[in-house]
Each structure stands twice: as C-alpha cells, then as structure tokens.
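J.: This is what each chain is made of:
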Amino acid sequence: MRLTLHVWRQKKSGDKGAFETHKVENISADSSFLEMLDVLNEEILEKGGEPVAFDHDCREGICGTCGMVVNGMAHGPQALTTTCQLHMRKFKDGDELWIEPWRAKAFPVLRDLVVDRGAFDRIIQAGGFISAKSGSAPDANEILVGKTVADQAMDAAACIGCGACVAACPNASAMLFTAAKITHLGVLPQGQPERDDRARNMVAQMDAEGFGGCTNHGECAEVCPKGISLETIARMNRDFLKAMVIAREPLAARTGG
Amino acid sequence: MELRDNAPSGPIETAWDRHRFDIKLVNPANKRKFEVIVVGTGLAGAAAAATFGELGYRVRSFCYQDSPRRAHSIAAQGGINAAKNYSGDGDSIYRLFYDTVKGGDYRSRERNVYRLAQVSVNIIDQAVAQGVPFAREYGGLLDNRSFGGAQVSRTFYARGQTGQQLLLGAYQALERQIGAGTVTMHPRTEMLELIVVDGQARGIVTRDMVTGKIEAHLAHAVVLATGGYGNLFYLSTNAKGCNVTAGWRAHRKGAFFANPCYTQIHPTCIPVSGEHQSKLTLMSESLRNDGRVWVPKNKDDVGKKPGQIAKEDRDYYLERKYPAFGNLVPRDIASRNAKEVCDAGRGVGPGGLGVYLDFADAIERLGQKAIEERYGNLFEMYERITDEDPYQVPMRIYPAVHYTMGGLWVDYNLMSNLPGLFVLGEANFSDHGANRLGASALMQGLADGYFVAPYTIGNYLWTERTDQKPVTADHPEVKKALAEVEERTQRFLSINGKRSPDSFHRELGKLMWEKCGMARNEAGLKEAQARIPALRAEFWENLRVPGSGADLNQSLEKAGRVADFLELAELFATDALHRRESCGGHFREESQTPEGEALRDDDSFRYVAAWEFNGVGKAPVLHKEDLEFEHVKLTQRSYK
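Quick note, the sequences are listed as chains A and B, same order. Each residue of the first sequence is one higher than the last, beginning at 1 in this note's numbering. Each residue of the second sequence is one higher than the last, beginning at 1 in this note's numbering.
None of these hints come from the bench; they were simulated from the model. Check before you lean on any hint, since a few could be wrong.
[Said to hold, decoys possible] Here are the simulated distance ranges between beta carbons:
no., chain 1, residue 1, chain 2, residue 2, range
1, B, T211, A, T21, 23 to 33 Å
2, A, D93, B, A619, 46 to 56 Å
3, B, S548, A, N171, 30 to 40 Å
4, A, R248, B, R465, 35 to 45 Å
5, B, P546, A, R248, 37 to 47 Å
6, B, N30, A, R9, 45 to 55 Å
7, B, D467, A, R9, 51 to 61 Å
[Claimed, not checked] Below, simulated DSS-like cross-link-like pairs (lysine-lysine); rule was C-alpha separation at most 30 Å, straight line:
no., chain 1, residue 1, chain 2, residue 2
8, B, K33, A, K133
9, A, K23, B, K510
10, A, K23, B, K498
11, A, K92, B, K305
12, B, K311, A, K105
13, A, K16, B, K213
14, B, K304, B, K369
15, B, K369, B, K311
16, B, K213, A, K11
17, A, K47, B, K510
18, A, K133, B, K31
19, B, K213, A, K12
20, B, K304, A, K90
21, A, K147, B, K369
22, A, K105, A, K16
23, A, K90, B, K305
Just so we're clear, the structure is a prediction, and the values are computed from it rather than from any experiment. Ideal placement from N, C-alpha and C gives every residue a C-beta, glycine not left out.
Next up, chain A with everything else stripped away, as it sits in the complex (with noise of 0.2 Å):
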C-alpha cells in the first residue's frame, strides 16, 4: 500500500505544532497502524530526521498506552479496537490520514503524538479503590457475587484508561472513565461501605483536573475500545447525586493507609 500521512510534530509541551507530510511505500496490508509508523520512523531515521514520537507498549489493546486521532477518529475508523490493534487492510492503497494527538486541556502534548494522561491516576486517586490492607481479606467465597452483578462489574472494569473518550467528547469531558470505574466498584457488595464518598471524590478530581462535563454527545461510547456503556454515566450521576444530598462532611483530602 502507499499511503499519505499528515503527522501532528511538537517539540514539547507548550510549543507551537504542525502537521508535517510524509509518503510511505510497501506498506504490507497485513501490518497494524502502529508497524506502519514504525516503517516511517525508521524511514525518517534513516534520513536523519527526528522520528515521530508515539505512546505504544503492549500492542495487544489491553495496557491503554496507544491512542491518537486517525482522521478525526480517536483509534481511528474501526469500533472497539485500539490503534494498536488497527491493521491497515481496513484502509485503502492511495489513503490520506491525518494523524493526531488526544486533543485535551487536561492532556498536555509532551511530544508530537504523546500526551499526558497523569489526571487519570490522580482521578483513581481520590477514591477509585476499595480500602483492603494486604492481608486483611477474608475468604474470597465468604462475599457471594451473583453472576450478573459479577458481570456488570467486570464490563465496566474492562476501561483501558486509554483516554480515548476524554478525546473524542466535545467537552473533553473524563465522564466515561469515571463512571467506568465508580460502576466496576459501586455494584460489587466489596464497594458498598465507600460508595458515596468515591463517587463524590473522584467527581471533585475530575472537575479539579479541567476536564467539562457531558452533554449527551455520546461520541465517548461510540469511540472507547472497550465497550464501556453510556449506562454508566448515568449510575455515576446517580451515586453522586444521592452521596451529595447524604454527605454529612465536606469534601476533604483522604487520609489512606
């Protein structure tokens, strides 16, 4: 395949960028996005140029590391699949791409297609845990778990923290993560005693960090790799309404340990 890339270059945070145009050759149809770029970075190299820094690690779709704007589409045009897991038969010989970073406030450009997602840990942080000192458990058959709720638990913990939906929302709005983790937690009978206060915590984070808020686009759903539901949006809304009108304390900073 030949192929004309118009790839976002930063030299570092705060710097102004730029689309620069490379034309790429043999690309096999049968290589993910992620081989082709390592085919143009060593092009580039090769010609003494800087090559195109880009966030990759497990090329399995499952660490979260990957993510960049493919054509307007955060992963690009194939639904629940990371750039990563991208193959190239799903363009066609002659294609322009445009190829982007995650474009957030709260995800500074570090370099070219690299951002930082670093509001994510602060988000989990501020409550996105259960409190269980190692060693403290008891037996793991002493907390039943019916299989629907175990479900619903793990279709909301399948978030990669790839940041996609925080990209793809008009509002850069940190929603579907969220609510991914405050559902993973808050259905499990083990995240019952924090519940409110995780939901009201990891809200106040995720405002703190300069993400927006939603207004029903949905386009976070329609992008995220994973399948994380809209539904848990609306549970999050839930939870931190009635944690909300309950609370009895202030926000305040955690103590842990």
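Please build the complex by placing chain B on the supplied structure of chain A, with the hints as guidance.
T.: Just chain B now, kept in the frame of chain A:
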C-alpha cells in the same frame, strides 16, 4: 562464594510460619524511618509498593510507562492458580506445590515453591476484597477453570483479562497509597544504574523520559520488580518497552544472574505474518481447554482449506501422543511438538509455521454462546489481527517467546547476593524452575509483592540498621553512578552511525531465535557466542540516535535497552551451552530420550547456575546452588 538459600530447615509445611516468627519485625513508628525504592509497577512491584506504603515505610515507585497501570502484567489473559480446592476435585497446597516443582522440571527450590502454594490462597482473598471481578457461578461462588500441567481445576479468572483485573487491583491499592502520601510515584522514569555503597544496594540512577533529567535516588533498600527479558528475542509476547536494563545494571554491579537460558516458549501465539512484524500476540493457553490442536496427517493436504480435510486425515497429535493430558500438556511440550510437526513439513498457513487450534467440536457440544462467554475477547482479537473468524475456521497458532524463568538470583527472602537488593516477580529466577506452568506468573508476582517481600524486607532493614551509614548525594559512589549514566547517554548520541536501534534489535533477536530458541545444539550456540560480540561491536560504531538527551527521545530509550540486550545475549548463550541437558522449556538436541522427549541429566545439572559478571566480553564466573529434593521425587516427566 557459596550461595546460601537461607531457607529454614525442618518440616516444609511449617517453614514459612517459623521463618516469619524468627525474622525481625520493625515496629510501626520505626517503619517511617526507612526509605524503600521499588522499580516496576507490575503485579509484583505495585503489590509490594502498595503494601510497603500500607505498613508505613516511605516508598518511591518507578515505572517507564506513563502510568503504573500499564505494566505488562496487564496483558496476562488466562488466570491465576490457587490451591483453594473450591472445585472439590482433590487440590491442596501440597498438590499445587508438587505440580509446580514437577512442571518446572525439577529445577526450582522446593521451599520457595511450597511457600508460593501456601500464600496462593491469600492472593485470591486479597484480590476479591479489592473488587477484582473474578468469574462467578450463578450461586455467587467463584468459578474455576483448568490449565496446562494440572489435573485439577484451580485457575481463577476474569474473562480473558485476568492480568488486567489483578493489576488494576494492585494499581488501585498503589494509587490509594500515593494519595495517602506514603508512596511517591515517578512514572515515565527509567532506572539506568544501581548505586552500591559498602557492598549494599543503596539507590538507583534514573532518567526522566520527558525532561531527560538524570537523577540519583537513595534509600535503605532497593526492590527490582522489572519483569522478564523475553524481548531479547525482539519478537516476543512482551510489551515493546519490556527490557532487561534494571536487572542487567544490577548484574554489572555484582548481582548474580541465574539460569539466563531458561526461556518459556508459549505454544499458542498468532503466527508471524511478515517482515513488518513488531511483536507477537498470545492467545491464552486456556483456549486449549476447548480447542483441539491438529495438523494434516499428510504433507499433501497442507495447502488445502481446513474444512476440506476429513477428520480421519487430521493428526490430533497431542491427544495421540499424550492421552492422559491431551491438549492440556504443559507449555514446553506443546511448543516442542508444534515445532516438530512444522519441521516435518506439516505446518499450516504462511511459511508452514502454524498448527490449527480448532473449536468446532466445542461449539457443537456447548453452543457458540458458551464459547463466546469463555473466550469472546480472544476470538475478537484473533479476528482483528488475522482477518479470519475462529468461530468458522480453526485458529492458526505457533509458539513464541513468552516468559523468562531465569533472572537475578535471590535467596528465600527474595534478596539477591547484593545485600539490600530485593528482586520480585519475573525479574527473579526463583519459583518456576526450567518451565513455568500456566496461570502461575500472576500467582508468583502477587505472592512476592503482597505476602513475601513485606515481611522479609523488614528483617533486612532492622538487622542492618546500625551498620548502614547515611548516604548523601555527594558520596563518591553516587557521583560515579551518575557520571556513568551521563557518559553512556552522551555516547549513544555521539556515535552518529547509520543504523537504528531497532535494526540491531531485530538482527539480535533473529540470531537468538535461530540459535538459542526452542531447540539448541552445541554448534549453534557456539556460533551465537561468536556472532554476538561482532554485532555488539558494530552497534557501538554504527548506531544512530538522533535528537538530544534533554527531551523525550524514544530512539535514545531503545538504544540503552538494546545495548544491554547485546550483553545479556552472550551470557544467555554461555549458560545454554554449559547446560548439556534438556529440561523444561530448554531442549538440548544432544540430550533426548529415544522417543524424542527432553532428557534431563540430574547427576550433572541439578543446580541453579548463577553467573557473576566479569566485564563485557569476558567469561562470567559460574556459581552453583545445588538443589535438594526432599519431597518431590525426581522422575522423567510424563504426561502420557
């Protein structure tokens, strides 16, 4: 130097309990006085860092990924073993212990493995308490599946994403500690050197992968949980970033590297599709529960579509040769047999390097929905990569490098021969011998991180407290380690040759796969030993790393990793050459039974080979730890 495992003597069943009572404790108020560095945030590293933080130590955690949640433990699919006997099918701690020692082909340390089997049950409890959504039965109890090398159902799983869910559990526990201030997290930070003062590990030198800043971090103990070195082969199921640098830098500073040639070749991976291939994708071994492995009986049928080959013309070779275990033989046996039928010209797919894994019978028996429930995400992944629908046509699979049983030598306390340097998870050599059973990597990583290191590190810190002098940034050893990293970084940037780090990595990987891969012989290994130094010399003369060291530079990161692989490769070949026996995942052609199965040589090689670094290009020094088997009887493994 005599290697002492420091394992307690006496009855094996109570060894760990007695050891925990005998070792020193650090009282809660004193724990705050100790600083611990943990490198790596996979199952072992995240679990250890979180637990150290919960206990009250001051912890600094490092990972090269942008978030600790992305470590490669996340990609483990199939499950985690535990001796819960929830299936009521005769499992016990002793049986899990026995299976693991046997599965490892009698090259692991009995006492470590027994402890692993013991704490396996606590891991499941811990994970469930954290909210890991394991598969359940309708009544709400935990479900189990069976895995290779075992005749009981003891594997807990969360669809095909068990590693992801266990890692997220550990990651969330870690984030909770970061929020609480007990752990300071350094993502996108790579360890490039170990700092050793007065013979003890006292810190690390890191490079901030965004700003390029090179910095020293000092502590009372250093924990490496940095994973395996399967990427030595370039193509493997490891994540692209997985590397040996942390372990190799420690090895250069005196830590022994044990059994480097013990590599696991996983039988069920998607075959290579062409020259562009950058990594290989595993299809969980759990698929062998329902999939049947076959190739055409006759070479002439190889080109035909699988549906055109009649049942009687198919060779279900694992079921034929190993009736007791069938498709569930351990990984090494499944891999070797796949290679054998492909070498005989009966392989399928491009290049004849593939065998079928067929679900047609299972779909007929259980219905497509049941299969979808069990393996849906794996089937989707397969289809995305190959453009073939495994519900309709059999999968094609071929073995690929997956896991390295070798690693830094550790004693029973998981401490290396360098005092203060602890090594956990895949990065150490300890529990899997010459072959790891499926669903045991997650078990070992979490056992080390949640339940072993948190006890043993306290013993070290308290015992050494009076002997350890404070180390500050102006200590000569710290300055020396910093200078080494600066100099190395500048050297990569100034060679200005013609070849990329990737091109050297590919060439090295191909050489290792051909000469040191699934089957090895003396001539091939000697050839590898001769060719590796030449490639390394070219690397240092003809490498090109563009850009600068002062910002995000992925070529520079790769160069550092490939440089270390080029040194490890030589040690790997040396170890493989010296071990003139077949065992586990390591098949030495000169040592086989009349039926072509791996033949161990217990009289000559029943030991751990721990290698001491002696300079690049110089012969390493071999130290042997003899292995005693008091409980498990050494037999020729048979799965027939």
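J.: Work down the list of hints and note, for each, if the structure agrees.
T.: Status of the hints after comparison with the structure:
no.: 1; hint: T211(B) x T21(A): 23 to 33 Å; in the structure: holds (29 Å)
no.: 2; hint: D93(A) x A619(B): 46 to 56 Å; in the structure: holds (54 Å)
no.: 3; hint: S548(B) x N171(A): 30 to 40 Å; in the structure: holds (37 Å)
no.: 4; hint: R248(A) x R465(B): 35 to 45 Å; in the structure: holds (44 Å)
no.: 5; hint: P546(B) x R248(A): 37 to 47 Å; in the structure: violated (59 Å)
no.: 6; hint: N30(B) x R9(A): 45 to 55 Å; in the structure: holds (52 Å)
no.: 7; hint: D467(B) x R9(A): 51 to 61 Å; in the structure: holds (53 Å)
no.: 8; hint: K33(B) x K133(A); in the structure: holds (21 Å)
no.: 9; hint: K23(A) x K510(B); in the structure: holds (29 Å)
no.: 10; hint: K23(A) x K498(B); in the structure: holds (21 Å)
no.: 11; hint: K92(A) x K305(B); in the structure: holds (27 Å)
no.: 12; hint: K311(B) x K105(A); in the structure: violated (60 Å)
no.: 13; hint: K16(A) x K213(B); in the structure: holds (23 Å)
no.: 14; hint: K304(B) x K369(B); in the structure: holds (29 Å)
no.: 15; hint: K369(B) x K311(B); in the structure: holds (24 Å)
no.: 16; hint: K213(B) x K11(A); in the structure: holds (17 Å)
no.: 17; hint: K47(A) x K510(B); in the structure: holds (25 Å)
no.: 18; hint: K133(A) x K31(B); in the structure: holds (16 Å)
no.: 19; hint: K213(B) x K12(A); in the structure: holds (15 Å)
no.: 20; hint: K304(B) x K90(A); in the structure: holds (27 Å)
no.: 21; hint: K147(A) x K369(B); in the structure: holds (16 Å)
no.: 22; hint: K105(A) x K16(A); in the structure: holds (15 Å)
no.: 23; hint: K90(A) x K305(B); in the structure: holds (24 Å)
The earlier numbered hints that this structure contradicts are 5, 12.
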